[in-house]
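Student: Heads up: the protein sequence lines correspond to chains W and U, in order.
Just so it is clear: in the first sequence, position 2 is 2 by my numbering, and no numbers are missing.
Just so it is clear: in the second sequence, position 21 is 21 by my numbering, and no numbers are missing.
It should be emphasised that the hints constitute simulated quantities derived from the structure, not laboratory data.
Some hints here could point you the wrong way.
[To be verified] If you anchor each label on the Cβ, the simulated ranges turn out as follows: (1) W:Leu63 / U:Leu17: 46 to 56 Å; (2) W:Ala2 / U:Leu208: 27 to 37 Å; (3) U:Glu124 / W:Asp61: 48 to 58 Å; (4) W:Ile4 / U:Leu205: 19 to 29 Å.
[As the list claims (entries may be wrong)] A partial selection of chain U residues facing chain W, derived with a Cβ cut-off under 8 Å: (5) Leu141; (6) Gln211; (7) Thr212; (8) Val213.
C-beta atoms are modelled at their ideal positions from N, C-alpha and C, and glycine is treated no differently.
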Amino acid sequence: MAIIVRLDVELAKQKMSLTELSERVGISLKNLSLLKKGRVRAVRFSTLNAICTALQCKPGDILDFEVDT
Amino acid sequence: MNSENKLPQLLYGTSILGISICTLLILYFMTFAILGLFGVPEKGRGLTFEVPISLNEPSAYFHPKSLDASFSVSHIEIQKANLEVKPQAKAYFQSLGYFHASLYVGFFLGILIFLAKLLKYVKEGDPFNPGNSYSIRNIGLLSIGLGVYEFLFMFGITRFFHHKFTLDHGHTLEYPSIWDMNLVAIFLGLVFISLSQVFKHGFELQDLESQTV
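So that you can see chain U by itself, here it is in the shape it has in the complex (with noise of 0.2 Å):
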């Protein structure tokens, strides 16, 4: 192997890694929203949650941190007159949050894996392949996507939840705004979708120049 190749045979690597870690934490979510489905009791399991919301935040959503699967109810009290207290609402509430990593996660699984597509065929010393051009454009909207599940997510669950649930003080769950969108996700699939327009006329190039003699 000469050195211009061991990059993209690196970036191949680390890429099938992170494919191989995003796999096992999305069963290892998924096992777990399933089990909360059953209301399986956080007591004796030797499971901690933490809920990260945010009350330093003008609106303060509840967004569970997608790759730390911690998820509590320690600081919502729930409203007696809207919502009938089950023992199991407090696994609900979890198993919420670990199918919400799951998806999560599940997007950066879908990127890898089309992420590793294209590092194969730069790997083999042919990066204008029209696939190529196809895995780019996907791992732009599934950026895109990324973005507006996020935001639906969060909107989703302040809807549901919004007067069923109070923070300490008072405070009630606000519904998330524009500026809550993982803006920086929608940027970027924006900008793969562009460079895939790149690679399909590099490819086209590609195809004129091979059929030159």
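Same shape as in the complex, but just chain W (with noise of 0.2 Å):
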């Protein structure tokens, strides 16, 4: 898939765990895991609008997108 998610770099630059995410978000740590490593189908806006929030970031600084070669 195309679609990198750069959630790690995020993590970082707020310092804050996995854990803790998940705690803000309501979302599991191991859905969260899934997430970071890139291995999810789908992502719901809800999502996407909690972590953001939560991280107080863009969703393109979330997910980026790399044509494979």
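Given two chains presented individually in distinct reference frames, assemble the corresponding complex, making use of the accompanying hints.
Tutor: See the structure below:
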């Protein structure tokens, strides 16, 4: 998949752990971990909204697109 | 156990009971079928058999009752010309009926096994399991197979015994028509096969949902 998830970068900027983010957005740690690794098939807008609110960032800061070479 | 899981649990238990009964019936029928091959005489064994040939229907055919292990040749006279009269002929006829009954119950056993497998997953709260789609499809195939087998058996019996037996008042066995086929079983089989596609789609939707955050 060409969509890259850069959640770990934003977590490092905010100095927040995945566990803390999980508690703030109300998503299980397992699902967040899968999202961070890019192993999910879809993301709800509500989830994206909650993550961006918690990390004080834009969706484009978390999601990137790279063409497969 | 909450009240929501009681019905699947009950159905699952019933299907297991049905499997046990069908297995015992098959063993019972096969025992007498094999004994019949050896020409064990009917007299002295305390067994009675009845051939439920209906002379009221325009196309009378030999159709042993599948779940009633009773077969007799009391209404059939063996034609002298085409068949050598054998003392064991009666037992062979009965044996054939028992084999048919075994296969007939075998179809039900197969359906119950797949039904139990399906209900096991439903009981555990996982109805949209990929295995369930296959189970439902196989139940449909067995149901269609049952209808087709019944017809083929009736046709085969008539084909083999057509000129070898006469019924009361000189009637002979008639070939079964399409309307003698178990159309209900075939129709239900098609319904189950269609339903399996619904469950397959349901699994795909559930899989997508599980991978959505």
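Student: Hint by hint, note whether the structure agrees.
Tutor: Hints versus structure:
The hinted window of 46 to 56 Å between leucine 63 (chain W) and leucine 17 (chain U) holds, with their beta carbons roughly 55 Å apart. Between alanine 2 (chain W) and leucine 208 (chain U) the CB atoms are about 19 Å apart, so this pair departs from the stated range of 27 to 37 Å. At about 42 Å, the CB distance of glutamate 124 (chain U) to aspartate 61 (chain W) disagrees with the hint of 48 to 58 Å. Taken as a hint, the range 19 to 29 Å holds for the pair isoleucine 4 (chain W) and leucine 205 (chain U), whose Cβ atoms sit roughly 27 Å apart.
Look at leucine 141 (chain U): its Cβ only gets to about 32 Å from chain W, farther than 8 Å, so that hint breaks. Below 8 Å, beta-carbon pairs count as interface contacts, and glutamine 211 (chain U) has one with chain W at about 4 Å; its hint therefore holds. Using the Cβ-Cβ criterion of 8 Å, the hint placing threonine 212 (chain U) at the interface with chain W is satisfied: the shortest such distance is roughly 4 Å. The interface hint given for valine 213 (chain U) is met, as the beta carbon of that residue sits about 4 Å from the closest beta carbon of chain W, less than 8 Å.
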